[in-house]
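Work from the hints to combine the two standalone chains into their complex.
Chains as they are written, first to last, in UniProt numbering: chain D, 1 to 328; chain E, 1 to 344.
By construction, these hints were calculated from the structure, which means they are not laboratory data. Every value quoted in this text rests on a predicted model; they were computed, and no experiment measured them. Check before you lean on any hint, since a few could be wrong.
As the list claims (entries may be wrong) - Where chain D lies over chain E, by a calculated footprint (3+ residues, C-beta under 8 Å):
#1 160–169
#2 223–234
#3 252–264
#4 281–291
#5 307–317
To be verified - Derived, one-sided and incomplete: chain D residues facing chain E with beta-carbon distance under 10 Å:
#6 Gly-42
#7 Asp-187
#8 Ala-192
#9 Glu-221
#10 Asp-224
#11 Ile-259
#12 Pro-260
#13 Leu-269
#14 Ser-275
#15 Pro-290
#16 Arg-291
Just so it is clear, CB atoms sit at the ideal spot from N, CA and C, and this is done for glycine as well.
If you want the building blocks of each chain, they are given just below.
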Amino acid sequence: MTAPLLEVRNLRVEFPTRRGTLVALDDVSFSIAHGEVLGVVGESGAGKSMTGAAIIGLLEPPGRIAGGQILLNGRRIDNLPYAELRKLRGREIGAIFQDPLTTLNPLYTVGQQLVETMVTHLPLNPAQARAKAIEWLELVGIPAASQRIDSYPHEFSGGMRQRVVIALALCAEPKLIVADEPTTALDVSIQAQVITLLKSLARDKGTSMMLVTHDMGVIAETADRVAVMYAGRIVEIGAVRNVVLNASHPYSAGLMGSIPPVGRRLERLQQIDGSMPRLSAIPRGCPYNPRCPQVFDRCRMERPELMPARENLAACWLYAEQGVPRHA
Amino acid sequence: MRNADGTPMLETIDVARHFDVSRPLVQRLLAREGKRTLRAVDGVSFAIQKGTTLSLVGESGCGKSTVARLVVGLYGPTRGSVIFDGKDLSEARADSTQRRRMQMIFQDPYASLNPRWRVRDIIAEPIRAFGLLKSEDEITARVAELLTQVGLSPLDGQKFPHEFSGGQRQRISIARALSSNPEFLVCDEPTSALDVSVQAQILNLMKDLQQRLGLTYLFISHNLAVVRQISDRVGVMYLGRLVELAPAETLFTTPRHPYTRALMEAIPDLEMTGRQRIPVGGEVPSPISPPTGCPFHPRCPLANDRCKVERPEMIPARGTPETLAACHAVEEGRDRVGEPLVAA
Numbered sequence: 001m002t003a004p005l006l007e008v009r010n011l012r013v014e015f016p017t018r019r020g021t022l023v024a025l026d027d028v029s030f031s032i033a034h035g036e037v038l039g040v041v042g043e044s045g046a047g048k049s050m051t052g053a054a055i056i057g058l059l060e061p062p063g064r065i066a067g068g069q070i071l072l073n074g075r076r077i078d079n080l081p082y083a084e085l086r087k088l089r090g091r092e093i094g095a096i097f098q099d100p101l102t103t104l105n106p107l108y109t110v111g112q113q114l115v116e117t118m119v120t121h122l123p124l125n126p127a128q129a130r131a132k133a134i135e136w137l138e139l140v141g142i143p144a145a146s147q148r149i150d151s152y153p154h155e156f157s158g159g160m161r162q163r164v165v166i167a168l169a170l171c172a173e174p175k176l177i178v179a180d181e182p183t184t185a186l187d188v189s190i191q192a193q194v195i196t197l198l199k200s201l202a203r204d205k206g207t208s209m210m211l212v213t214h215d216m217g218v219i220a221e222t223a224d225r226v227a228v229m230y231a232g233r234i235v236e237i238g239a240v241r242n243v244v245l246n247a248s249h250p251y252s253a254g255l256m257g258s259i260p261p262v263g264r265r266l267e268r269l270q271q272i273d274g275s276m277p278r279l280s281a282i283p284r285g286c287p288y289n290p291r292c293p294q295v296f297d298r299c300r301m302e303r304p305e306l307m308p309a310r311e312n313l314a315a316c317w318l319y320a321e322q323g324v325p326r327h328a
Numbered sequence: 001m002r003n004a005d006g007t008p009m010l011e012t013i014d015v016a017r018h019f020d021v022s023r024p025l026v027q028r029l030l031a032r033e034g035k036r037t038l039r040a041v042d043g044v045s046f047a048i049q050k051g052t053t054l055s056l057v058g059e060s061g062c063g064k065s066t067v068a069r070l071v072v073g074l075y076g077p078t079r080g081s082v083i084f085d086g087k088d089l090s091e092a093r094a095d096s097t098q099r100r101r102m103q104m105i106f107q108d109p110y111a112s113l114n115p116r117w118r119v120r121d122i123i124a125e126p127i128r129a130f131g132l133l134k135s136e137d138e139i140t141a142r143v144a145e146l147l148t149q150v151g152l153s154p155l156d157g158q159k160f161p162h163e164f165s166g167g168q169r170q171r172i173s174i175a176r177a178l179s180s181n182p183e184f185l186v187c188d189e190p191t192s193a194l195d196v197s198v199q200a201q202i203l204n205l206m207k208d209l210q211q212r213l214g215l216t217y218l219f220i221s222h223n224l225a226v227v228r229q230i231s232d233r234v235g236v237m238y239l240g241r242l243v244e245l246a247p248a249e250t251l252f253t254t255p256r257h258p259y260t261r262a263l264m265e266a267i268p269d270l271e272m273t274g275r276q277r278i279p280v281g282g283e284v285p286s287p288i289s290p291p292t293g294c295p296f297h298p299r300c301p302l303a304n305d306r307c308k309v310e311r312p313e314m315i316p317a318r319g320t321p322e323t324l325a326a327c328h329a330v331e332e333g334r335d336r337v338g339e340p341l342v343a344a
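Extracted from the complex, chain E is given alone in its bound form (with noise of 0.2 Å):
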């Protein structure tokens, strides 16, 4: 499944996707308004390595869930290109091989499973669309290798999926998104509806999948302490675009952009320590209408008039090279790594 030309598995370049969210003609007439538009992901570009997890984070309202969207083809792109094992997805749309090869696991397995089917058949339907196996038999002992797989029993085909819990109900998830054989699943945050416990059984079946299988992984969310445990490499984002993108250890380890460590700063201290956190001020502004400059630059305790003014592209970080930022105060080496993120 790896091959070694090192072609990514996916690839994002200046993706983005805007939305519309203009009142009714008339109603913009009568008050004179002009068109609205929400930029939810604006200009987002990341590579996903064959065999590996990239990770997105970031608050609600960043982007990260239309970033998923846009990678498998719910949404078409505004501007810039998909790029799926080095074919741009715009032009292999219609190529059902194509779409066969990437699946998605989604946040709430209480709605993404249609509850008048039978578990077999929904982890059949896959199997049917693209016509993987022809005969009945194949495919009944297709499902039932499938719910061995995620630690199901065979049996629990005939169930119908209320009769599961939640944590049982995202395995059954899982297995309908492996039963066309996929290479690259996109997992959009698919534990934050579980209970702590079965959500590590979940990442657990995750990991030990993604190295049975050689399975790559778009893996959306907004818990940190998750993310760390999955990912190879992390991106953070803010306001539709990322602002880090790094190796998951580096990240973790010496995060660089404000906001990253705004983030990190605000994750409750569970070893308790007794470490003061100082939790980052304001919130979110809304995507219609962002701040100039950098988007995060109201929040941020580093920011001078550059920063209110021009947007930071992402550049490799001075002192952490395989890290790239979006933040004036890291290239200008004034962002004080290590010491507390306050206003200076």
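Chain D with its partners taken away, still in its complex shape (with noise of 0.2 Å):
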């Protein structure tokens, strides 16, 4: 087997507040491989987001990688010095968020943008990187690219926007791409193009992906594997499948159930009571142990590790006798 392209070990974020410190990553371990889409999803809070920040090192202050490592092709990178992470930054990890206005600059055109990065990151010249950056707007399926090069990212709808920064994302060829809440701000029929796009272009140019999101039908269609956040946590991870059709934690069964089909009418949705609890009031214990239907004593003493559950990896008791727990 291959080394993983990125691999997160045991990374924990801490947030120092007057009132204490909170953990907002605790104990967070996991790997993509080479050309490998990992879906992260969770309720808001549960970290997803922090996750992808940690690995772009871009954390906002005074949020801190306070224990664990990340690893790109084996390197350390969570230590890096502010230039070496510049240079990281769009070569080799690339990123996509959730709102394309905030992410383009507004008073530079589209194509500027493209042509900077490739000019810092690749071996081109302004000229080349200007026929490139052509070449991306087509791809994205942008009408007219060697027009719309010149336009101010105000000119774009909402759609075409996030086109444009896919193709800021992936112009330097990066070879991982953190994708936060890609489609959230786009209408569903958008979403469905940008989504189509996304996965093919990932797919021809063999670049893997971290793709946050809370949307469940965007990670079934699009992920490989699927990393189930809670509280700061990892309380499930596996293939995409067994995840979503088949869960193992409580937490993950209870999640998927709540999404109310599109297929049929339920006379009652599935829910999960209460709310995930603040980073400054976690439970002992599961920190799902107050709201799991499962709950017995153990959870409520002893936090779980990741441990096999069925095909999964799972953080619960309920599959402490299927085998040993892996205690980090």
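Now the structure itself:
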């Protein structure tokens, strides 16, 4: 087996505040293979975007990586000096964020932004980069690319802007894309176009992707594997089919069950009572125990680590007999 | 609350709302351009029977939220009328008993609650405004009852909105909306700012309240899966007009208008049947200069020359007569129901 492209080991992110330190990410470990799409799902505040930000080195201060390692192609990237990190961003790791309007600089044309990125990271002169920029705009499906290249971001519609952002993220041919809710700001019909595009480009270029979203439908269609996060931890990770259709962790099962199906009408939707705990009040033991329908004594006392649970790995004591828990 | 005479709770007749989006006069004169009108809603007619839910779906900019605002009277219609329980709202505007009978729930529970008020005051505001209860003791008891009804604790009345999560705040919004004993609720994307697990809680709560209190809902959403769970009838909007209006089951099993079919096609397939999706091309055109004829024709695989010039009216669809659809292809029977929607 070849080494994974990205490896995150026991990542811990802390936010020091006046009232003590908040642990936003706790003991997060996963890897992404070459060409693989890993979906990261969970409710708001679960730490999915934080994980993405930590990988790109864009944690908002005072947040900081307090423990663990992030390795890209076997090289540690979590402790790089700023200048090194800048070379890495764009060249090795591309980023796509939710809101295309704040990602693009409103004062430069999209062409200028694409050319700047490529000239910085690739051995191209501005003229070559401009030709390449037009190619990229065509590739992401912008009509009349050779004219639109000199337009400013505000002259594009939301869907077209997100296509520009995708071109911008991919143009330096990074090996990994961190896409944080790339379709959330878009309408459903545009969403389908953008997802199809992202998927086919990643496949053609062999790019790996970490796809952060709360939209399980997008994950089901795009990802190879899924990690489900809850209160700053990964509670389940496994192949997309196993997690979506046959979740092991009671939280993942509840999350999947609460998605309204479009194919039929239910009298009552399955719901998870309560809400996710605040970072300042994460319960002892399993953080999900106050909401869990299958809770028992051990869940209230000891925190479960990821352990084999059917085909997946789940952090749940229900599966303790299946194998020896993997203590970190 | 239901009366037997069959008067709909709410009816809109060819209601329209236009906005003047012209540039300032001097600039307009310098550039020699005329006035520009945005037709946010351009002739929408529907009726909601008592105790039922009608949902309006569509993409951003289709005018669904403007319809919600027209219905509750936050905007006055440019044309047409809104009839609430048999009375034209434009005449009943000053009548506060009429106003009390309808309430609205907004999308963003972070913006719709005053952060400086305690929850009990937020919920009691409509009671005080309409003078429904006189003594403070009665008001306190009623607020406690409302909080319990939406699944919160009476003690939560002491707190401020920031102490609650998004789902709990939306429950507070619902309690406030219910405090004036309304019969009709307009819900503008009430769950789209919430996480799925919380969305399920709110949808279940809304269903329970409808059964218990006999409420009538106008439900605005862009999420077809949510709409399927909650609606009796569904209207699909595109560029300020209804393109299809049908009983929910009919709409989801046999969507007729090509736009409805495209929307259904765009929903990601969670059951992972491996079905290949064909996303609809193009984007929603600007409502300032909508296309001639059928507004959907530039994106429609079934469009022909007639669609480019003649605007289709809402008429019963062939084969599913309980569906109203505004589509020449459906009328002419060239819509190939059941086949993938691709250009001929």
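These are the hints, each one checked on the structure:
no. : hint    : verdict
1   : 160–169 : holds (count 4)
2   : 223–234 : holds (count 6)
3   : 252–264 : holds (count 4)
4   : 281–291 : holds (count 3)
5   : 307–317 : violated (count 0)
6   : Gly-42  : 9 Å, holds
7   : Asp-187 : 4 Å, holds
8   : Ala-192 : 4 Å, holds
9   : Glu-221 : 5 Å, holds
10  : Asp-224 : 12 Å, violated
11  : Ile-259 : 5 Å, holds
12  : Pro-260 : 4 Å, holds
13  : Leu-269 : 4 Å, holds
14  : Ser-275 : 4 Å, holds
15  : Pro-290 : 14 Å, violated
16  : Arg-291 : 9 Å, holds
In this structure, the hints that do not hold are numbers 5, 10 and 15, in rising order.
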